[in-house]
Amino acid sequence: MTTEDSTTGISCDAIAVLTTDHERIKLLFREFARLDPVTPAMTQMELVREIWTELTIHAAVEEELFYPAVRKLINDDELINKAEIEHGTMKYLLEQLRYVDSGDPHLRAKLNVLRECTQHHINDEESEMFPRVKQAKSDLLILGQMIMDRKEALYIQLTEQLLPPPPAAARPDTASAGAGRQ
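So the sequence shown is numbered by the working numbering: it starts at 1 and just counts up by one.
Keep in mind that the hints were calculated from the coordinates and are not lab data.
Values in this document were obtained by computation on a predicted structure and should not be read as measured data.
Wrong hints could be hidden among the right ones.
As the list claims (entries may be wrong) - Derived CB-CB ranges, DEER-like: (1) P40 x K72: 29 to 39 Å; (2) T43 x N112: 10 to 20 Å; (3) M42 x Q135: 39 to 49 Å; (4) Q119 x E78: 16 to 26 Å; (5) E64 x T159: 39 to 49 Å; (6) V38 x N75: 17 to 27 Å; (7) P68 x T19: 38 to 48 Å.
Unchecked claim - No farther apart than 16 Å at their CA atoms in a straight line, the calculated lysine to aspartate or glutamate pairs in the EDC-like style are these: (8) K91 x E54; (9) K151 x E78; (10) K137 x D13; (11) K134 x E54; (12) K151 x E63; (13) K151 x E31; (14) K91 x D139; (15) K82 x E54; (16) K26 x D139; (17) K110 x E128; (18) K82 x D13; (19) K151 x E95; (20) K82 x E63; (21) K151 x D13; (22) K91 x E126; (23) K110 x E63; (24) K151 x E46; (25) K91 x E63; (26) K134 x D149; (27) K26 x E64; (28) K82 x E126; (29) K26 x E63; (30) K72 x D21; (31) K91 x E116; (32) K134 x D76; (33) K26 x D149; (34) K151 x D76.
Beta carbons: idealized from backbone N, C-alpha and C, even for Gly.
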């Protein structure tokens, strides 16, 4: 079985798939950073939603498929535990962005902190974890296919579930703040 990226036709092992995700995520953060503050809200929010979707899916496939395989391959619980804790921080920040609107005065700050956490996590994976996984000489093509299949399923699931954001009073980040503003 060969694992190919559907857009390029190139064989992809698990590390190549995840590294491509990393590059895409870094590009999205750079695009947002380059936006002029007067960029239309719709454009800003489309980019925020894209960052949210990409990171949510990427974190899910790492947690569900990659980390369990790596835990067995390299037998270093501390390295995997650290990655999982970093994911927890990133997921907390992602939840803050899930229903954010363009008028949130903390939008850029939230994205900047998420970008910094994500960049640190990517650096750790690419400099520490990925080289050790490559040395383990496992069949990363099968794992790569599993990751790509799961990413596709998650993307479909997320896009089907995307609903308009709940009213401000129902959002976790604004429930108490919005109560007195009506």
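- Query: In ascending order, which of the hints set out earlier in this document are inconsistent with the structure?
  - Reply: 1, 5, 6, 7, 9, 11, 13, 14, 15, 16, 17, 18, 19, 22, 23, 24, 26, 27, 29, 30, 33 and 34
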